[in-house]
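Student: Given next are the chains, with one letter for each unit.
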Amino acid sequence: MSKSAKAIAIVALTALMPVPASAADKVGLGRVALPEEIKAWDIDVRPDGVGLPDGKGSVSDGEALFQTKCSSCHGEFGEGAGRWPVLAGGQGSLKSDRPEKTIGSFWPYTSTVYDYIHRAMPFGEAQSLSPDETYALTAYLMNLNDLVPSDFVLSKENFPKNLPNEKNFYDDDRETTEKAFWKKDPCMANCKERVEITNHARILDVTPDDQKDDKDQKPSAGVE
Amino acid sequence: MSEPVTLNRRRVLNLGIAGAGAAALTPALAAAQTPDPLIVEKQEWTQYLGEGVNAKPYGVPSKFEKEVVRREVEWLTASRQSSVSFTPLHALDGIITPNGLCFVRHHGGEAEIDPAKHRFMINGMVDKPLVFTMEDVKRMPGRVNRVYFLECAANSGMEWRGAQLNGCQFTHGMIHNVVYTGVPLKAFLNEAGVSPKGKWVLAEGADASAMTRSIPLEKAMDDCLVAWAMNGEALRPEQGYPLRLVVPGWEGNMWVKWLRRVEVGDQPWAQREETSKYTDLLADGRSRQHTFLMDAKSVVTNPSPQAPLKSKGPNVLSGVAWSGRGTIKRVDVSMDGGRNWRTARIEGPNFPRAMARFYVDFDWNGQELMLQSRAMDDSGYVQPTKDELRKYRGSNSIYHNNGIQTWLVRPDGSAENVEVS
Chain A
38 MSKSAKAIAI VALTALMPVP ASAADKVGLG RVALPEEIKA WDIDVRPDGV
88 GLPDGKGSVS DGEALFQTKC SSCHGEFGEG AGRWPVLAGG QGSLKSDRPE
138 KTIGSFWPYT STVYDYIHRA MPFGEAQSLS PDETYALTAY LMNLNDLVPS
188 DFVLSKENFP KNLPNEKNFY DDDRETTEKA FWKKDPCMAN CKERVEITNH
238 ARILDVTPDD QKDDKDQKPS AGVE
Chain B
3 MSEPVTLNRR RVLNLGIAGA GAAALTPALA AAQTPDPLIV EKQEWTQYLG
53 EGVNAKPYGV PSKFEKEVVR REVEWLTASR QSSVSFTPLH ALDGIITPNG
103 LCFVRHHGGE AEIDPAKHRF MINGMVDKPL VFTMEDVKRM PGRVNRVYFL
153 ECAANSGMEW RGAQLNGCQF THGMIHNVVY TGVPLKAFLN EAGVSPKGKW
203 VLAEGADASA MTRSIPLEKA MDDCLVAWAM NGEALRPEQG YPLRLVVPGW
253 EGNMWVKWLR RVEVGDQPWA QREETSKYTD LLADGRSRQH TFLMDAKSVV
303 TNPSPQAPLK SKGPNVLSGV AWSGRGTIKR VDVSMDGGRN WRTARIEGPN
353 FPRAMARFYV DFDWNGQELM LQSRAMDDSG YVQPTKDELR KYRGSNSIYH
403 NNGIQTWLVR PDGSAENVEV S
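Read top to bottom, the protein sequences are chains A and B. Numbering of the first sequence is given in the working numbering, commencing with residue 38 and proceeding in unit increments. Numbering of the second sequence is given in the working numbering, commencing with residue 3 and proceeding in unit increments.
Just so you know, the hints here were simulated from the structure itself, not pulled from any lab data. Among the hints, erroneous ones may be present.
[What the hints assert, rightly or not] Partial chain A-side listing against chain B, Cβ under 10 Å, derived:
| # | residue |
| --- | --- |
| 1 | D134 |
| 2 | P201 |
| 3 | N205 |
| 4 | K220 |
[As the list claims (entries may be wrong)] Non-contacting residues of chain B with respect to chain A, defined by C-beta distances greater than 12 Å in every case (computed):
| # | residue |
| --- | --- |
| 5 | T36 |
| 6 | E67 |
| 7 | A93 |
| 8 | D224 |
| 9 | K312 |
| 10 | R332 |
We put the CB at the ideal spot given by N, CA and C, even for glycine.
Let's have the full structure, built from the sequences with the hints guiding it.
Tutor: Shown next as structure tokens:
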């Protein structure tokens, strides 16, 4: 066998063996996603408005829709029924013992309202609202929070970015502000003079109990 | 969170444990007066045949373990579909949480998805948006097995204003620790080709909440996994079957279940679960955002309110510790409310960003105990007290409460959730 024939034979043999994929190579798995498929799933909306669809909705249309589709859980004016989320009010409450975290008092961006309603509401019938309906509900919630007048019509063109509390959010800074928690040698002996019990869980006694069911007795706030 | 409410009726805690606390304590070394009938009399299980090998094609725990189950705290949430159940930490040992006992948090109920109908898409700022079937996903090279804890950011969130729930299942049970099988998310992102402008990814679930979270691209390309198995078998439906995201050391909400899509972008999406929720409201009215990492934390699981001491003499204190920053290096335990500490024995596998198990063998003479544990990780972080945390954050944060837990053990062996000075 000539040298070149031998080389060809080796190449042919190698081609038959499984080849381990190297990290830099494309594996070739999956297929290209079609534009229609991306459009069906990529419904997210960003604070800068990227992702907002064409359409518009008024406060008054939103109010009618809200009473039909939302008020059974969120209350007629977004005040919340039972433990369902309160959507309006709470301004000035964030430093208090009972902060009310609503769209108007807490949420940083308007886009989150549109995105979440369109994505996950009404609860149990997600992604059933049209862009116009979602704009209208967003407009109504803005109006309930005194952010727009009652004749306001919301669309992609006039979609506001920031909500009032946006300026009060900042990125995680635990590593600098809480650097006292990185301790070289935590105390091991005689760390305090005396120890007193300051609080008992049984005073509140809200632990679930299989034997009894005091559903009428419950604290007023839960986990989110 | 609410201010403490005094109920008009107190009740004896009974969490399904026979004689929880207040039981007659067994002396350290009991002398038998009469022969034990369990030994001298023939028992039915010794005489008669038991069930055949395949009576239960999928095995279940002994009927004598029926109280070891996930539990809910119904008043916490408005509906059962958007709610949480808690891992029975007090009844577990070792480091691995059994699949059926891993706590569950849903926002739109449990999606039941035929894997043949599941699709996984990569889109956004990539050279080529791609769609994978589950079969494609499992053919991706570079499969790994990794043990990680998953802790909900709201674990212990009910305790910010003071001791509230009696039992580590409820105070600390929004955590589990399993071994995942999957492929690094990086492999799928590389396959699509991430644009140099990409800075963040958005992970999205296929459930009725279409759960979404923004994750820095750096983390996505580092240690995130796309996983289809836990503890050697397919993911449980309530844990995201057929596919979930694994985001080691970071808050559980980001570990999107029923993972259907990862989008690449150049800024975070400010979704509901990273603005309205999972941000930390501080005492000054401002809020931290993007507090992804779960700090070092630990809890004594035995004894605890659901697992009282039953005997004087030799006893084993047990607990778990974990840190999103790395590996647990040391756990100290105090029996006198934090005055004096001793270093516990970390036993068994101890992986980064996974639960570690610790023990202290001790003799109990019936005195009152105030049990605490304090975790330290390899970044040098030391688990703070609850008061230290409140000093920096106030009491309105809800999330990221990793303060030191205290159990008061009374002379009768019963235990209660308390706070100490």
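Student: Please flag the earlier hints that this structure goes against, numbers listed from lowest up.
Tutor: 2, 10
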